[in-house]
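Undergrad: Given the coordinates of chain A, work out where chain B should sit on it, guided by the hints.
There are 2 protein chains.
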Amino acid sequence: MALNASKPVGKTRDKGSWVTFRPDIRILDCTIRDGGLMNDHRFEESLVRAVYQACIAAGVDYIELGYKGAKRIYSSDQYGAWKHCDEDALRRVVGDDCGKIKTAVMADAERCDYHTDILPKDQSVLDVIRVACYIHQIPIALDMLKDAHDKGYETTLNLMAVSTAHADDLEEALAIIAKSEAETVYLVDSYGSLYSEEIRALCDKYLEYLVVEGKELGFHAHNNSQLAYANTVEAIVCGANRLDATICGLGRGAGNCPMELLIAFLHNPAYKLRPILQCIRDHVEPLRSKMRWGYDTAYMLTGHLNQHPRAAISFYDEGKTDVVALWDELIE
Amino acid sequence: MALNASKPVGKTRDKGSWVTFRPDIRILDCTIRDGGLMNDHRFEESLVRAVYQACIAAGVDYIELGYKGAKRIYSSDQYGAWKHCDEDALRRVVGDDCGKIKTAVMADAERCDYHTDILPKDQSVLDVIRVACYIHQIPIALDMLKDAHDKGYETTLNLMAVSTAHADDLEEALAIIAKSEAETVYLVDSYGSLYSEEIRALCDKYLEYLVVEGKELGFHAHNNSQLAYANTVEAIVCGANRLDATICGLGRGAGNCPMELLIAFLHNPAYKLRPILQCIRDHVEPLRSKMRWGYDTAYMLTGHLNQHPRAAISFYDEGKTDVVALWDELIE
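First to last, the protein sequences are chains A and B.
Just so you know, my numbering puts 104 at position 96 of the first sequence, and the rest follows in order with no gaps.
Just so you know, my numbering puts 189 at position 181 of the second sequence, and the rest follows in order with no gaps.
Just so you know, the hints here were simulated from the structure itself, not pulled from any lab data.
Hints may contain errors.
One copy or two, it doesn't matter: identical chains are merged, so the pair holds either way.
Cut-off 25 angstroms, straight-line C-alpha distance, at most; resulting in silico cross-link-like pairs (SDA-like, lysine to any residue) [as the list claims (entries may be wrong)]:
1. Lys328 <-> Arg296
2. Lys280 <-> Asn314
3. Lys328 <-> Pro294
4. Lys328 <-> Met299
5. Lys187 <-> Ile33
6. Lys159 <-> Asp104
7. Lys298 <-> Thr329
8. Lys298 <-> Lys328
9. Lys328 <-> Asp290
10. Lys328 <-> Glu293
11. Lys298 <-> Gly327
12. Lys298 <-> Tyr324
13. Lys298 <-> Asp325
14. Lys328 <-> Gln286
15. Lys129 <-> Glu53
16. Lys280 <-> Ala333
17. Lys298 <-> Gln61
18. Lys328 <-> Leu55
19. Lys108 <-> Leu55
20. Lys79 <-> Asp94
21. Lys110 <-> Ala272
22. Lys154 <-> Glu221
If we strip away everything but chain A, and leave its shape as in the complex, we get (with noise of 0.2 angstroms):
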């Protein structure tokens, strides 16, 4: 450390160096939210009120408990509370600590009644809608954000599985998405496939759209090439001013950029990591014992092969370790 300390290198040199910090940084728990991609979001209201708690002491700047998802499709029969964030279910969890944190939502094209599920901002303790769609997506989007936007809420696009789109077609998206109503707009790897080299040029891709227009460029990470920290340094070192974190990397499959390393890296005193590190000791640990998630083997070979992760799941839902045989259907 001591070395980079006085003397950083690159673009660190005018965005932050070690022993500083980038003040316009804001980070993003979506524990709940991604986590519970594994557990059909059926955690506990006392887990999520600790994930809540604990992100406050942290400070935090949002966190996002879950999706906005229609009823239609996901019946309450079958997915727990946070797959449809009512109002009640959101307010039990914020109680009095509303306005602590800004909350959000995730709301899925396609898979969101925006117009009827998503409450007016004056009648809801949430503050930002974040809409995450795929690249053929856009146009649904563009009014889901339109929606949140003219309801009164801070927006997002989280703009999902980039590392299988054209490149001429992201080019069209990023000139679309960023004359959006978003304020930020989300570099997503889906399938933890990219690379460092990789961060970069999409980075540039997307603040070349962006900065022109005043937006703010997100980062996402997946863990499958045990690459999710090390590719939010990355895009913070490019630029990137808003961050996904999950305590303990809880999340699909192989989990995400674990909250603990990115406030450590941070060296912002309004974070704190000790309340994560009591978090992760008496909540997110010991869900260990009821739920799965993090980098293993199925997960690298799906993300190295660019596929979404639903295989890499099964296996390990299934019981599975012949990692051999998962390679060979995979790769047939």
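TA: Chain B alone, transformed into the frame defined by chain A:
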């Protein structure tokens, strides 16, 4: 991937791109050597043979089987065969496969009776002696390198714990090491505390001294911050051509750069992923019932604080789970 394949960025443009590979890169498996730090080098011979044969099948260039530890310090009662790597033990592993992969051992400065315990090369199946030292041990390391070189071995110098070295001392050390017998000098992130910008600055510094002397730069990572693989990729981009990795990242504490990730990344058709996956399935994953290694919160804390992982290793050895108490102790 498609984006970067069509438009390689940065230093890879002239050093290999996503769809090509760098033929000058050589990889070394140190599963048994570094992993042995977690079980007093008590691997069964059948396991060592399995890893050895998997590395041959995978096209790995070098394999390191253990230490040449002094028996006056490390008794045979307390340590397994791979702490001493006597010639007869090595020969039982190498068997008829001699010459199919270069075989290495590590010799620690002040902890190896190298004059007597390292045989002349024509009496040994070993090809490479890797001398490991801290920066204050360079004088003895130079004598060890000369001894091994004169006996006919290829040699490397692994300068440990560089994250705690003073910048001026490191400059002086590199100037001396660059003129030693070592064919390769390794940048070693002993505490898993370095991140990409530091790796780039250090690689550039090392190469400044090594290139003019015709020496190669190597890199050896630890995974305390989930950066072992990421930092190895950064070292590659910077020009490191000698890379250490271990199957499933098996190694001391948080472990090392996983061989399976590295081989998948390198795109060199000489390297095969499938034999590594077979070894994972049949030999390395089953070790988890007896050994604990890999990234976990306690290792992250020692890495973040740029400390030796011994406090975290003890924490897990003693079955502790209170990471908050550990944190409070570490920063006391």
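Undergrad: A separate judgement is required for each hint: does it hold in the structure or not?
TA: Okay, the hints, checked on the actual structure:
1. Both within a single protomer and between protomers do Lys328 and Arg296 lie at most 25 angstroms apart by alpha-carbon distance, with minima of 18 angstroms and 16 angstroms respectively.
2. With identical chains, the CA atoms of Lys280 and Asn314 are at most 25 angstroms apart between copies only, with a shortest distance of 19 angstroms across copies and 35 angstroms within one.
3. Taking CA atoms no more than 25 angstroms apart as the test, Lys328 paired with Pro294 passes in both settings, with 23 angstroms inside one copy and 13 angstroms between copies.
4. In this homomeric assembly, Lys328 and Met299 come within 25 angstroms of each other (Cα to Cα) both inside a single copy, at 16 angstroms, and across copies, at 21 angstroms.
5. For the identical chains of this complex, Lys187 and Ile33 are intra-copy neighbours only, at 22 angstroms inside a copy versus 45 angstroms across copies, given an alpha-carbon limit of 25 angstroms.
6. Taking the shortest alpha-carbon separations for Lys159 and Asp104, only the intra-copy value of 23 angstroms comes in at or below 25 angstroms, while the best inter-copy value is 74 angstroms.
7. When the C-alpha separation of Lys298 and Thr329 is checked against a cutoff of 25 angstroms, the pair qualifies both within a copy, at 18 angstroms, and between copies, at 17 angstroms.
8. Within a single copy, Lys298 and Lys328 get their C-alpha atoms as close as 17 angstroms, and across copies as close as 20 angstroms, so both meet the 25 angstroms cut-off.
9. For a Cα distance limit of 25 angstroms, the shortest separation of Lys328 from Asp290 across copies, 13 angstroms, qualifies, whereas the shortest one inside one copy, 30 angstroms, does not.
10. Taking CA atoms no more than 25 angstroms apart as the test, Lys328 paired with Glu293 passes in both settings, with 23 angstroms inside one copy and 12 angstroms between copies.
11. Both within a single protomer and between protomers do Lys298 and Gly327 lie at most 25 angstroms apart by alpha-carbon distance, with minima of 14 angstroms and 20 angstroms respectively.
12. In this assembly of identical chains, the alpha carbons of Lys298 and Tyr324 lie at most 25 angstroms apart whether taken from the same copy (13 angstroms) or from different copies (21 angstroms).
13. Proximity of Lys298 to Asp325 under the C-alpha cut-off of 25 angstroms is found in both arrangements, the shortest distances being 12 angstroms within a copy and 23 angstroms between copies.
14. With identical chains, the CA atoms of Lys328 and Gln286 are at most 25 angstroms apart between copies only, with a shortest distance of 14 angstroms across copies and 33 angstroms within one.
15. Proximity of Lys129 and Glu53 under a CA criterion of 25 angstroms is satisfied intra-copy only: 23 angstroms inside one chain copy versus 66 angstroms between copies.
16. Within a single copy, Lys280 and Ala333 get their C-alpha atoms only as close as 44 angstroms, which misses the 25 angstroms cut-off; across copies the closest is 15 angstroms, which meets it.
17. With identical chains, the CA atoms of Lys298 and Gln61 are at most 25 angstroms apart within one copy only, with a shortest distance of 22 angstroms there and 37 angstroms across copies.
18. When the C-alpha separation of Lys328 and Leu55 is checked against a cutoff of 25 angstroms, the pair qualifies only between copies, where the shortest distance is 22 angstroms, while the shortest distance within a copy is 29 angstroms.
19. Proximity of Lys108 to Leu55 under the C-alpha cut-off of 25 angstroms is restricted to the intra-copy arrangement: shortest distance 18 angstroms within a copy versus 54 angstroms between copies.
20. Within a single copy, Lys79 and Asp94 get their C-alpha atoms as close as 11 angstroms, which meets the 25 angstroms cut-off; across copies the closest is 68 angstroms, which misses it.
21. Taking the shortest alpha-carbon separations for Lys110 and Ala272, only the intra-copy value of 21 angstroms comes in at or below 25 angstroms, while the best inter-copy value is 40 angstroms.
22. In this homomeric assembly, Lys154 and Glu221 come within 25 angstroms of each other (Cα to Cα) only inside a single copy, at 16 angstroms, whereas the closest approach across copies is 62 angstroms.
Comparing the model with each numbered hint stated earlier shows that all of them hold.
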